[in-house]
Amino acid sequence: NAGVTQTPKFQVLKTGQSMTLQCAQDMNHNSMYWYRQDPGMGLRLIYYSASEGTTDKGEVPNGYNVSRLNKREFSLRLESAAPSQTSVYFCASSGQGNQPQHFGNGTRLSIL
Amino acid sequence: AQSVTQLDSQVPVFEEAPVELRCNYSSSVSVYLFWYVQYPNQGLQLLLKYLSGSTLVKGINGFEAEFNKSQTSFHLRKPSVHISDTAEYFCAVSSSGTYKYIFGTGTRLKVLA
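Protein chains in written order, with this note's numbering: chain A, 516 to 627; chain B, 1242 to 1354.
Treat the hints as calculated values from the structure; they're not laboratory data.
Some hints here could point you the wrong way.
Said to hold, decoys possible - Residues of chain B placed beyond 10 Å of chain A at every Cβ, according to the derived structure:
hint	residue
1	1297
2	1316
3	1337
To be verified - Listed below are several chain B residues computed to face chain A (Cβ distance under 10 Å; list not exhaustive):
hint	residue
4	1254
5	1275
6	1279
7	1282
8	1286
9	1290
10	1324
11	1331
12	1342
13	1344
14	1345
Note that the coordinates shown come from a computational prediction; the quantities given were computed from them, not determined experimentally.
The beta carbon of each residue, even a glycine, is placed where N, CA and C say it ideally should be.
Chain A extracted, bound-state conformation:
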């Protein structure tokens, strides 16, 4: 029972490099989300996808892009990484009707 799987678990990048964070869920959920978690700031929504084929900006979308590849997969891309993007990134999914979210274990990203 995998739930939400994120890869990689850890990554160190240099400023200006690009990378894609992967997320997959096996619960047949329609909605998927990307958050970043920084100390003292809780979770802030970067982008979300209400259903396959749609994506929308959240609270802090600048510097990020997303792709909802299919119902299972939702990726987050940093085109040109900046030190301010050093954070822990969480992917989540949820079923219809404001059901609780299920979270992955996070990707710890450091940008030097």
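Guided by the hints, dock chain B onto chain A, whose structure is given.
Frame of chain A, contents of chain B only:
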């Protein structure tokens, strides 16, 4: 706009003592409320949820919360905590007609022996 306030950033409590973690929200429409727990280096796990019905909600690990619409609160309680309850706790709100969930800044519960 929705918002969630967790006023206590840290709560120390002795083992076997009761604890209350406070959560207040603001929303102009019907809300759905959640408490999550995060252990070190892990993702968030659902503790309990209020979607409708009884305002007293029971969750896992002996936690419960009460939805108080007039005070716009959803405080989390446990009558007797264990060392293993040491973790960070997040309150979250969602509203009918939106796909977004708004999280509080978290409360770090430290249970002391």
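Hints versus structure:
Chain A leaves residue 1297 of chain B outside its interface by the beta-carbon criterion, the shortest separation being 18 Å against a cut-off of 10 Å. Every beta carbon of chain A lies more than 10 Å from that of residue 1316 of chain B, the smallest distance being close to 17 Å; the non-interface claim holds. Non-interface call for residue 1337 of chain B relative to chain A: violated, since the shortest CB-CB distance, roughly 7 Å, does not exceed 10 Å. With a cut of 10 Å, the hint placing residue 1254 of chain B at the interface with chain A is violated, because the nearest CB-to-CB distance is about 21 Å.
Residue-level restraint check for residue 1275 of chain B holds (minimum Cβ-Cβ distance to chain A is 6 Å; threshold 10 Å). Checking residue 1279 of chain B against chain A: minimum C-beta separation of about 9 Å stays under 10 Å; hint holds. Interface restraint check: residue 1282 of chain B against chain A, minimum CB-CB distance 8 Å, threshold 10 Å, status holds. At about 7 Å, the closest approach between the beta carbon of residue 1286 of chain B and any beta carbon in chain A falls short of 10 Å, and the interface hint on this residue holds.
Checking residue 1290 of chain B against chain A by beta carbon gives a least distance of about 5 Å; that is within 10 Å, so the hint holds. Hint status for residue 1324 of chain B relative to chain A: violated, with the closest Cβ pair at about 23 Å, above 10 Å. Hint status for residue 1331 of chain B: holds, given a least beta-carbon distance of 6 Å to chain A, under 10 Å. About 6 Å separates the beta-carbon of residue 1342 of chain B from the nearest beta-carbon of chain A, less than 10 Å, and the hint is met.
Annotation: interface hint on residue 1344 of chain B holds; nearest CB of chain A at approximately 4 Å, less than 10 Å. Annotation: interface hint on residue 1345 of chain B holds; nearest CB of chain A at approximately 6 Å, less than 10 Å.
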